[in-house]
Amino acid sequence: MITKSKIDETLLKRIDNLELSDRLFDLKHAMFSAQRKVSVDRIKLAMESWMETEGEDIEIRRAKLFKRILEEVPIAIYNFDIIVGRETEHLVGAPLFLDQVGDAIPGIWDGTDGLDLTQEEREIVKECSRFFAGKTAPDHVKKAWHSLVGTWAEDVTEAKGSDPTPDSGYFPGITCRALWEKILSKGMRGMIAEAQAGIQRFQEMKETDINKYYFWQAAIIVCQAMIDYAKRYAKLAVSLAEKEPDPARKKELYEIAEICEWVPENPARTFHEALQCMNFIIVGRGLEAMYPVLIGRMDQYLRPYFEQDIRDGRITLERAAELVGNAITLWGMKTVVQVGKTQKQTHQFSYSINSINISGVDRKGNDASNELSYLILHMIGLLRLSSPTVLFSWHSQTPRWLLLKALETNYLTKGGIPLFENNEHVVATFVKDGTPVEVAREWYGQGCVTPILPTKIDHNGSEGKGAVNVAFILDLTLHRGVSQITGKKIGIDTGDPCSFKSFEELYEAFKKQYSYVVNRVLWLGTVAQSVEPQYLRFPFNSCIAGPQCMEKGQDIMITDETHSYGISDRAIVDTADSLLAIKKLVFDERKLTMPELLQAIDNNFEGERGEKIRQMCLNAPKFGNDIDEADYMVRDVGEFSASVIYAYQNPFGQPCKVSREGLSWHYFGGLGVGALPNGRKAKEPLNDGSISPMRGMDKLGPTGVLRSALKAGFKESYASCLNQKFSGSAMQSAESREKLAVLIETFFKNGGQHIQFNLVDTAELLDAKAHPEKHRDLVVRVGGFSAYFVMLSPEIQDDIIYRSEHGC
Amino acid sequence: MSSLITNIQGYSIHDGPGIRTVVFLKGCGLNCLWCSNPECISPYPEIGFIKTLCTKCGQCATVCPNEAISAKPGQLPVTNRERCSGCGACSAVCVQEARVLYGKPMSVDEVFEAVKGDQLFYQASGGGITVSGGEPLLQPRFVSELLRKCKQADIHTCIETSGYGSESALRQVMPYTDYILFDLKHLSSALHRRYTGKPNELILNNAKIVISSGLEVLFRMPLIPGINDDPQNIRATADFLYSLGKKPIAIQLMLYHQLGKGKYESLDKPYPLAGLSALEPEQAETVQEMFKARGIDCTISR
Numbered sequence: 001m002i003t004k005s006k007i008d009e010t011l012l013k014r015i016d017n018l019e020l021s022d023r024l025f026d027l028k029h030a031m032f033s034a035q036r037k038v039s040v041d042r043i044k045l046a047m048e049s050w051m052e053t054e055g056e057d058i059e060i061r062r063a064k065l066f067k068r069i070l071e072e073v074p075i076a077i078y079n080f081d082i083i084v085g086r087e088t089e090h091l092v093g094a095p096l097f098l099d100q101v102g103d104a105i106p107g108i109w110d111g112t113d114g115l116d117l118t119q120e121e122r123e124i125v126k127e128c129s130r131f132f133a134g135k136t137a138p139d140h141v142k143k144a145w146h147s148l149v150g151t152w153a154e155d156v157t158e159a160k161g162s163d164p165t166p167d168s169g170y171f172p173g174i175t176c177r178a179l180w181e182k183i184l185s186k187g188m189r190g191m192i193a194e195a196q197a198g199i200q201r202f203q204e205m206k207e208t209d210i211n212k213y214y215f216w217q218a219a220i221i222v223c224q225a226m227i228d229y230a231k232r233y234a235k236l237a238v239s240l241a242e243k244e245p246d247p248a249r250k251k252e253l254y255e256i257a258e259i260c261e262w263v264p265e266n267p268a269r270t271f272h273e274a275l276q277c278m279n280f281i282i283v284g285r286g287l288e289a290m291y292p293v294l295i296g297r298m299d300q301y302l303r304p305y306f307e308q309d310i311r312d313g314r315i316t317l318e319r320a321a322e323l324v325g326n327a328i329t330l331w332g333m334k335t336v337v338q339v340g341k342t343q344k345q346t347h348q349f350s351y352s353i354n355s356i357n358i359s360g361v362d363r364k365g366n367d368a369s370n371e372l373s374y375l376i377l378h379m380i381g382l383l384r385l386s387s388p389t390v391l392f393s394w395h396s397q398t399p400r401w402l403l404l405k406a407l408e409t410n411y412l413t414k415g416g417i418p419l420f421e422n423n424e425h426v427v428a429t430f431v432k433d434g435t436p437v438e439v440a441r442e443w444y445g446q447g448c449v450t451p452i453l454p455t456k457i458d459h460n461g462s463e464g465k466g467a468v469n470v471a472f473i474l475d476l477t478l479h480r481g482v483s484q485i486t487g488k489k490i491g492i493d494t495g496d497p498c499s500f501k502s503f504e505e506l507y508e509a510f511k512k513q514y515s516y517v518v519n520r521v522l523w524l525g526t527v528a529q530s531v532e533p534q535y536l537r538f539p540f541n542s543c544i545a546g547p548q549c550m551e552k553g554q555d556i557m558i559t560d561e562t563h564s565y566g567i568s569d570r571a572i573v574d575t576a577d578s579l580l581a582i583k584k585l586v587f588d589e590r591k592l593t594m595p596e597l598l599q600a601i602d603n604n605f606e607g608e609r610g611e612k613i614r615q616m617c618l619n620a621p622k623f624g625n626d627i628d629e630a631d632y633m634v635r636d637v638g639e640f641s642a643s644v645i646y647a648y649q650n651p652f653g654q655p656c657k658v659s660r661e662g663l664s665w666h667y668f669g670g671l672g673v674g675a676l677p678n679g680r681k682a683k684e685p686l687n688d689g690s691i692s693p694m695r696g697m698d699k700l701g702p703t704g705v706l707r708s709a710l711k712a713g714f715k716e717s718y719a720s721c722l723n724q725k726f727s728g729s730a731m732q733s734a735e736s737r738e739k740l741a742v743l744i745e746t747f748f749k750n751g752g753q754h755i756q757f758n759l760v761d762t763a764e765l766l767d768a769k770a771h772p773e774k775h776r777d778l779v780v781r782v783g784g785f786s787a788y789f790v791m792l793s794p795e796i797q798d799d800i801i802y803r804s805e806h807g808c
Numbered sequence: 001m002s003s004l005i006t007n008i009q010g011y012s013i014h015d016g017p018g019i020r021t022v023v024f025l026k027g028c029g030l031n032c033l034w035c036s037n038p039e040c041i042s043p044y045p046e047i048g049f050i051k052t053l054c055t056k057c058g059q060c061a062t063v064c065p066n067e068a069i070s071a072k073p074g075q076l077p078v079t080n081r082e083r084c085s086g087c088g089a090c091s092a093v094c095v096q097e098a099r100v101l102y103g104k105p106m107s108v109d110e111v112f113e114a115v116k117g118d119q120l121f122y123q124a125s126g127g128g129i130t131v132s133g134g135e136p137l138l139q140p141r142f143v144s145e146l147l148r149k150c151k152q153a154d155i156h157t158c159i160e161t162s163g164y165g166s167e168s169a170l171r172q173v174m175p176y177t178d179y180i181l182f183d184l185k186h187l188s189s190a191l192h193r194r195y196t197g198k199p200n201e202l203i204l205n206n207a208k209i210v211i212s213s214g215l216e217v218l219f220r221m222p223l224i225p226g227i228n229d230d231p232q233n234i235r236a237t238a239d240f241l242y243s244l245g246k247k248p249i250a251i252q253l254m255l256y257h258q259l260g261k262g263k264y265e266s267l268d269k270p271y272p273l274a275g276l277s278a279l280e281p282e283q284a285e286t287v288q289e290m291f292k293a294r295g296i297d298c299t300i301s302r
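Protein chains in written order, with the numbering used here: chain A, 1 to 808; chain B, 1 to 302.
It should be emphasised that the hints constitute simulated quantities derived from the structure, not laboratory data.
Backbone N, C-alpha and C define an ideal beta-carbon position, used for all residues, glycine too.
Some hints here could point you the wrong way.
[To be verified] Computed cross-link-like contacts, PhoX-like style, restricted to lysine-lysine with a CA-CA straight-line distance of at most 25 Å:
#, chain 1, residue 1, chain 2, residue 2
1, A, K769, B, K51
2, B, K149, A, K699
3, A, K235, A, K64
4, A, K612, B, K51
5, A, K182, A, K250
[Stated by the list, open to error] Under 8 Å between C-beta atoms, here's a sample of chain A residues computed to sit facing chain B:
#, residue
6, I310
7, G607
8, E611
9, G704
10, V742
Using the sequences plus the hints, can you model the full thing?
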């Protein structure tokens, strides 16, 4: 255990004075202005390998596929790189994963994909799509679901009842960070030794489960492939060095070559080696699978290397800053091509989900903040990056100087970076669910706000169990199980609402409907987990990210009790506001009859009478204004929903967790929900975040919203998502940041879970909409997920402008 | 007892210590050219009209009891300000919220209840209530009763005043006030009258009273280019502050901005300083230095 050392204040001051170096400026500028390029190399190699290995064991086949890609995928080193390695040879490139997701790129067949591909490249994509179509895990999951419930799963997807699904951007897999401490201290060589030991044991003990044997064989193949891949960079660096006229860069290239010769094969010895090793592992993961780049608590894993190199004078602070800046830019700008139907609602390219944690506590519960935490925040501020997501893990011992630095970064990035999460709530929730407290303290962010443990393999967001649309289920309740948008019967008939004599009757009907839909979604998701590993394995990710895979000789895709499950129950606020509006207008005050209200909803509040009813609906009490009955309604719906989800156990007896994240899902989810009694029209976006008030309906400003959020509680959820938008003056001066720090502390000390601040002014947003070319680096957050403003679709831009105008 | 309130603004972080709630009253004795709250000048309720939100539905005209609104189909409604009584009937029916009622009558208890909700944040930050406007000293009974209630509930109290109120009003409010934000606009009484409509003797006298009371005071000076930022006025202001007392005096510069422009339009009032551009903090640094050179603690609000 590292004893808590005194913070070096001189070092903090020196960090404050660091400016963006020319190299980082060039790197950022080049990457921002680069054309994002789809690369077909990976998928072509994957197809060739898959053809050649037909008939072999699936674990071995996937290992050989990985090896083939790493051996032959084109690589490049750019003249500003000191951390090398990207998934493609392009500055900002996105490989394709048809082997994982199947024929899932929208528009590829009719040429409306909008991807910048040459004729030849498009033919390759088509060939691969054709080749993998029907063979992949999602294809088989769909078949399984079909035989179980007919078209039900597709009907739910069509109605945006759950997300993601095989049709809406689903990719099978897991989300967990790499085992950084182990990788950095043992290297790939250490992993290989473990696999060899497994093989030896298997032989000696005459074990019989051949799958284990194949797993360890595969492990050796992939770890060796990773080593060889790094050596390709070493070789490339030498050849570039030989031609390099600038002596300084020449020397640097030779250094890079030496480092790539050493890591990730061997344990990292220096800060530079550690960062380079991490980058290779991230690139390797990114070539095996379409995965989130989960970095986790890098201010903890890298701290010993940083402190030792700075102390011993092995590295200057300026150089350390460049390395951090270089690595974070690479990770933040990792790009994927969206698959499935979500792309039409959001954007075609997106940054891979990724996340860095800052602060938090150590295993004993002591504050873990340090100088490296400060440096990372400083570099993100200097680079004004919107990605990666940075999760600031606040706890009651978090030093004010770090919180203020985080708010400065928040101001510089113009919003959402970092997001603030209450470590104490997360730890308490894990402990309540039976996790030992020392383990719970090591949690990290899954990508947005959802916390996961390094001892678990997490399935949040996959297998159709990412999210369930609560407002959609209210919609079903009001229409006897039929979706207003698609007209299909998806739920059960819970009775004609017009026959209900009391609000309680309606609420009961909703609860019945909810249990039915949610249990089916969770059931089908769990079925998917039994289907997937038959068709898809990830030997490399198993080695470097599966906490016990190597020991057990078992692929990360095969589920057991070390796997953790969770779902996000979204649009609770819309649902609660709507229920309350019905209660007030129909049952308490009798201003409307149920048939009148339903007719207005079914006509999307059209006509004069419809508009009048909509106004009555809008004027009903809304969450976010410190009105008890509205806030407690949200709490009640939340608690009920969680009770249904927690009650669902997987085959290993583990309950399903609830974590209420946001992403930009509210646009997508809204498309499936008809007009609601809260006054929202059909297909309009739902509320963003998970505990944010209805758009434009919070009248008291941020503190009023916070008061409501505290009452609603969401204590049953691991995380929730509250977005707040501020004008520049709320964060510009050190004095105003002090006040914001108090706001955060007060909210968290009283049980708040998450808050993040966007900072934009309307004029800038309007100009960015009209002249996106001038505002490439304008950062905005959409419900827990960060993006550059210019990448967003027009309707999302309009929403942000709307919020800016009506903001605080 | 009630008063007309135009707004109660939570999480106000630029109007006194800590996180505060600012209560904006209606009615002010001054009429400053640069005023950014023109809706708070008149002591009577007024209707604002935000034309960009208007859908020309004509509802407002049909409900107006004073026939003050003429709405032709397809055109924006026109308000006859002479006839408008500020009754709010039009804003009540305006679905788009294009018609806004400035000035809602609220009792001391109602305002107190609205302010009390943020107690959690006041305590953590050293914040509380700030009564602004408009001019708090024009409604000393309401304000002192409101602040008394707040103090009783352990809420820090502050007023933001132009200083243009009677000495007795000031003495009525002070016992319930922890902190005073006190505006100084111009040291020349003649110019003060030109730009604000009133001379400054009363204000300067009140400034002396608040300082000698021992209350915490932060002077504030709206810095308006070409109006009060000349070296002569800055020196005079600094001299005045210096003359006030033993303990160090603080002044905060409030930079001229045009954020209130839309509100003038909504009231069908001309914007008096059209053409003047907003100030950037850097432009105020010379002025700040002049104050500092005289030993005055001078900050720039941002």
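Can you give the numbers of the hints that this structure goes against, from lowest to highest? Of the numbered hints, 5, 6, 7 do not hold.
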